[in-house]
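My request is simple: use the sequences and hints to build the entire structure.
2 protein chains.
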Amino acid sequence: MRVEKRKRLEAKGWKVAGPKELLGLSDEEAAYIELRLKLAEGLKARRSAKGMTQTALAKAVRSSQSRVAKMEAGDPTVSLDLMVKSLLALGASNRELANIIARN
Amino acid sequence: MRVEKRKRLEAKGWKVAGPKELLGLSDEEAAYIELRLKLAEGLKARRSAKGMTQTALAKAVRSSQSRVAKMEAGDPTVSLDLMVKSLLALGASNRELANIIARN
DNA sequence: TGTGCCTATGTCCGATCTGACATATACTGC
DNA sequence: GCAGTATATGTCAGATCGGACATAGGCACA
Numbered sequence: 002m003r004v005e006k007r008k009r010l011e012a013k014g015w016k017v018a019g020p021k022e023l024l025g026l027s028d029e030e031a032a033y034i035e036l037r038l039k040l041a042e043g044l045k046a047r048r049s050a051k052g053m054t055q056t057a058l059a060k061a062v063r064s065s066q067s068r069v070a071k072m073e074a075g076d077p078t079v080s081l082d083l084m085v086k087s088l089l090a091l092g093a094s095n096r097e098l099a100n101i102i103a104r105n
Numbered sequence: 002m003r004v005e006k007r008k009r010l011e012a013k014g015w016k017v018a019g020p021k022e023l024l025g026l027s028d029e030e031a032a033y034i035e036l037r038l039k040l041a042e043g044l045k046a047r048r049s050a051k052g053m054t055q056t057a058l059a060k061a062v063r064s065s066q067s068r069v070a071k072m073e074a075g076d077p078t079v080s081l082d083l084m085v086k087s088l089l090a091l092g093a094s095n096r097e098l099a100n101i102i103a104r105n
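Residue numbers (this note's numbering), protein chains in the order written: chain S, 2 to 105; chain A, 2 to 105.
Hints should not be assumed to be uniformly reliable.
For the chain A half of the interface with chain S, some residues (derived, Cβ under 8 angstroms), not all of them [as the list claims (entries may be wrong)]:
#1 Glu29
#2 Ser80
#3 Leu89
From the structure, some residues in chain S lie toward chain A, with a derived Cβ separation under 8 angstroms [stated by the list, open to error]:
#4 Ala32
#5 Lys71
#6 Leu81
#7 Val85
#8 Ala90
#9 Asn95
#10 Leu98
#11 Ile102
#12 Ala103
Simulated from the structure, these hints should not be mistaken for lab results.
Glycine included, each C-beta is placed from N, C-alpha and C at the ideal position.
In structure tokens form, the structure reads like this:
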């Protein structure tokens, strides 16, 4: 993984467990965090494509605007569950979900 | 969704919120639960393909045998996060994850 | 039948995540 | 400038999820 990307991730507040190399991420840690970021981006893209506000999406998933903002920011305190549920609430199919995840 | 499948899901202990029709699942609820089952199946398949025991996988992800069993059973008390992390720990790439999700 | 191994299920309490709220920042149009 | 709207960020009590543990069921092979 490129240093630039790593710094982007670490800047978001991720404290990474057991560094294999100093401040490094293991492959699976990296895959996990990249996955989250892809979901976050997909969420934001889909929401704005629909012309929805964060508040509107929040209501649709019975959450709050602040949590939607955190989701889209890739905040470590939001779960994959919530992000996935939100994408589904935005009308994404499992197949579209897969596309978001597989995307480079 | 076919009634047979619905019963399969409900039998696993899912209590579904706000039934649109009596005992029915909305599209997004169904997609969410199917997603979980796919991950559960993928997890079990991948683990046994590697000849690992649940206990061995548990150690690899610093979890416990009981939780691995629940994961593979699609138990509602395990999060997507844990299932995804476990799949990644089994060496699955994000792309393989996507394949599991997109599978029929 | 017993011993051994793997998996399933239930319960507990400590850790993590959640919605709600407050507040801040940013960008409009007036 | 100010009001209105959208988004970002921090905090907190309550809800959910976590590993650990106990225990049961299943299946093999002596």
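Verification of the supplied hints:
The restraint placing glutamate 29 of chain A at the interface with chain S holds, with a minimum CB-CB distance near 4 angstroms, inside the 8 angstroms limit. Nearest Cβ of chain S to the Cβ of serine 80 of chain A: about 5 angstroms, under the 8 angstroms cut. The hint holds. Of the supplied interface hints, the one on leucine 89 of chain A holds, with its beta-carbon coming within about 4 angstroms of a beta-carbon of chain S, less than 8 angstroms. Against a cut-off of 8 angstroms between C-beta atoms, the interface hint on alanine 32 of chain S holds, since the closest Cβ of chain A lies about 5 angstroms away.
Proximity of lysine 71 of chain S to chain A is violated relative to the hint, the smallest CB-CB distance being about 15 angstroms (cut-off 8 angstroms). The restraint placing leucine 81 of chain S at the interface with chain A holds, with a minimum CB-CB distance near 5 angstroms, inside the 8 angstroms limit. Look at valine 85 of chain S: its Cβ gets to within about 6 angstroms of chain A, closer than 8 angstroms, so that hint holds up. Against a cut-off of 8 angstroms between C-beta atoms, the interface hint on alanine 90 of chain S holds, since the closest Cβ of chain A lies about 6 angstroms away.
This hint holds: asparagine 95 of chain S has a C-beta 5 angstroms from the nearest C-beta of chain A, less than the 8 angstroms allowed. Given the 8 angstroms rule on beta carbons, the hint for leucine 98 of chain S holds: about 6 angstroms separates it from the nearest Cβ of chain A. A least Cβ separation of about 4 angstroms between isoleucine 102 of chain S and chain A falls short of the 8 angstroms threshold, and the interface hint therefore holds. The closest approach between the C-beta of alanine 103 of chain S and any C-beta of chain A is roughly 4 angstroms, which is under the 8 angstroms cut-off, so the hint is satisfied.
Checked against the numbered hints given earlier, the structure breaks only hint 5 and satisfies all the rest.
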